[in-house]
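**Student:** Listed in order, the protein sequences are those of chains A and B. Read in the numbering used here, the first sequence has 38 at position 34, and its numbers run on one by one without any break. Read in the numbering used here, the second sequence has 966 at position 421, and its numbers run on one by one without any break.
No lab work stands behind these hints, which were simulated from the structure alone.
Just some of the chain A residues that point at chain B, by a computed CB distance under 8 Å:
#1 Q33
#2 F45
#3 A47
#4 G54
#5 Q220
#6 A224
Take a look, some chain B residues computed to stay more than 12 Å from chain A by CB distance:
#7 D565
#8 E623
#9 Y924
Estimated spans, in silico, between C-beta atoms of each pair:
#10 B/N708 with A/F124: 36 to 46 Å
#11 A/Q252 with B/A880: 53 to 63 Å
#12 B/Q1015 with A/Q149: 53 to 63 Å
Don't be surprised by glycine CBs; every beta carbon is placed ideally from N, CA and C.
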Amino acid sequence: MSSQALDLHDAHGHDGHSSHAHQFDDPVQQRDSATLGMWAFLATEVLFFGALFVMYSVFRYRYPVMWDMGSHMLDWKLGCLNTFILLFSSLTMALAVQSAQLGKTKRLNVCLILTIVLAFGFLVVKTFEYHHKYEESVIPGRYFQIPPHEIEIYEKKYGEVFHPPSKMEASAGSETVYDPMGPYGPGPVMHDGHPEMTTAKAPLEPVFTDDYRKLQLFFALYFAMTGLHGIHVIIGIFMIGTLVYLNQKGWFTKEYNTPVEMTGLYWHFVDIVWVFLYPLLYLMDRAHS
Amino acid sequence: MSSEALTYPIEPAKAASPGDNYLTNGFSLKSWLLTHDHKRIAILYLISISVFFVIGGLAASLVRLELITPEGDLLAHETYNKMFTVHGVVMVFFFLVPSIPAVLGNFLVPLMIGARDLAFPRINLLSWYVFIVGGLFTLVVALTGGIDTGWTFYTPYSSMFSNTYVAMAAVGVFITGFSSILTGLNFIVTIHKMRAPGLTWFRLPLFVWGQYATSLIMILGTPVLASTVALVAVERVFRIGVFDPALGGDPILFQHLFWFYSHPAVYIMILPAMGVISELISAFSRRPVFGYHFIALSSIAIAALSFLVWGHHLFVSGQSPYAGLVFSVLSFLVAVPSAIKTFNWTATLYKSSISWDTPMIYAMGFMGLFLIGGLTGLYLAAIAIDIHVTDTYFVVAHFHYIMVGGAVMGYLGGMHYWWPKISGRMYPEGWAKISAVLIFAGFNLTFFPQFIVGYWGMPRRYHTYAPEFQVLNVMSTAGASILGVAYAFPVFYFLWSLKYGEKAPANPWGATGLEWQVPSPPPTVNFEEVPVVTEEPYQYPLLEPERV
Ligand SMILES: [Cu+2]
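Chain A extracted, bound-state conformation (with noise of 0.2 Å):
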């Protein structure tokens, strides 16, 4: 996208009296497929965290319990705040683009410079949201563990056994649990050695019981998705900087603002992002009580 910025600025730099690149008839050309391009763009990025969501989906359908687990282990409240830190970033990055429209470019660097400030809020509690997780060993892969206080909490919640994986007992986090190859995972259904084939017999609830590693998966699909929306606000700052450099060197006027509106969108799909993964990801249990 900054490099779509980029295209944008072509000739508006070194020819003083052209004001779009040379491959566009006239600025509003110009501005018209900056917009398109940019919608476009989301589109995919809609697809792209889309993979994302189904897997989602798909896992909290068949592990629901594990989900609620998942999201209470997560704190809202963090998440909450993120949240409204998010909204705020979106609305300053709106002031920022009818700034851009009226030509107030001192007003449109305040706004910018607001955003980033915002965004990196945004990261700073976010990492400490990873470090809590990553002290107390809730990352995903060989050293996953679960703190006691957390199994306490689920058994008394719903009354039922928290499953370990088979051997896991003083070994949490050993090698030998987290062997794919091992004899732990139960692997296909199988019927004296030979695979189900009739549809009619096969079991419709999985066959899986292991809680420990259907928390693994919430966790992995935390990581994923909030780690990508993450590496996305990051991308964000680095667009809005540019533009605040841009700013200043008086690249904005109020007939030449595309890359502020074009940042703007990308910004608000960021925000989009996050209003989707914060309930999904954090409010999931408050569903039931």
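Take the given structure of chain A and dock chain B with the ligand to it, following the hints.
**Tutor:** Showing chain B with the ligand alone in chain A's frame:
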């Protein structure tokens, strides 16, 4: 035809004088590697995908050589697995997907719509670099030990068990996906916003319609593949189990997501080829395309349907039989827009004056091979037959008829047709005809026996087979040898023609279309003045070809 139609702006283009075309606009390496000119970027793509074609072809040759005998005597089975995987990955992601869009599309879309360049020239260059970076990853994988999962990267084998460089190959495919997305995005914006005055949607060349439909698939399908292969790499490195049943994950989910892109990807390969064929059929039968609107809209219909049929790859994977039923019916539906195209091309040919230049031989070859590939696709869409032939050579033969018999024939036909425009030189017609006929013959000899041997039950992806299949396999390998030699011809005579070929006039075929109204090769700016289009497309008979 309205009276206005006669005012189609056919100015006899001025002869290209040296020094004023895109090829002579700078000779330094930098002038190529940092160019923003869509025509030069097309050449960069042409060179890079040709290299990948050779790599993929060599891997295929080893596979075919191994299969001469039923025993595994040439390659160890691990090596064999790596060879067919390299062949698949390279040919699909690094040759077929970029072939027509990134080479011919890049070169022609702006010329055909009367634009000075694509909407975002820098993004266009960026997408080539992204492609190269992704390609380098894959090359490193191929050179340092290969990958043995097949091009489909099925989990959990790929994510947990394979001892080859899966993560790096996945990263390569991930990166290359963005090149495809950026190209598609550029085409969509360009076609929407940069058409010359008077060039309405239904005056667009059908090649442009094909590119447009392809671009839609590229921007909507590719990101799903990107997310999915990225997670395969993450799963492999960090041992989280989204796709691994032993860790609570779901391998079928991987197949759903993979085919959500990879079935439409087949149309990324075939739709641009169909666009090329529409141009060729019309130009060499000197007839307006019959049913223009139907062909144009059938491209969009194919693009839309392509997203609804992925489940036909999962008939035996444990997908619900009811879902299978729906996917089967939807897959049959794809035959409708495909048949619309084929019937309309045939109607265009009917009682027309056909000239048998090389591009036309490819076009005719395409129609025959696509017909067989398409009809056997109906066999595979029928669940009962599909269960019988799943993972046999029948499937291999089917998709090679579409992807090689269709997409590669279209690509080569287009390369011959527009070579005078691209290079400013005519290729040697005699050699080109010989190679076109050899390719057609070699192709059929290679892949038709595979239908039979597959129907008899020979499974794919094994380096040994039952002795009774040997005769057909020897035939197939013989055909592959012919194909290999025939594919080498164009490389040599195209290069030869750059120096010794006759100088090409602006419009050697007497064809319609804005690209033929600029000199060959085109000037860097494409059009000195923005052309104004006042006529419907394909108004043949037009000029006699101005042969030199
Ligand atoms: Cu398919």
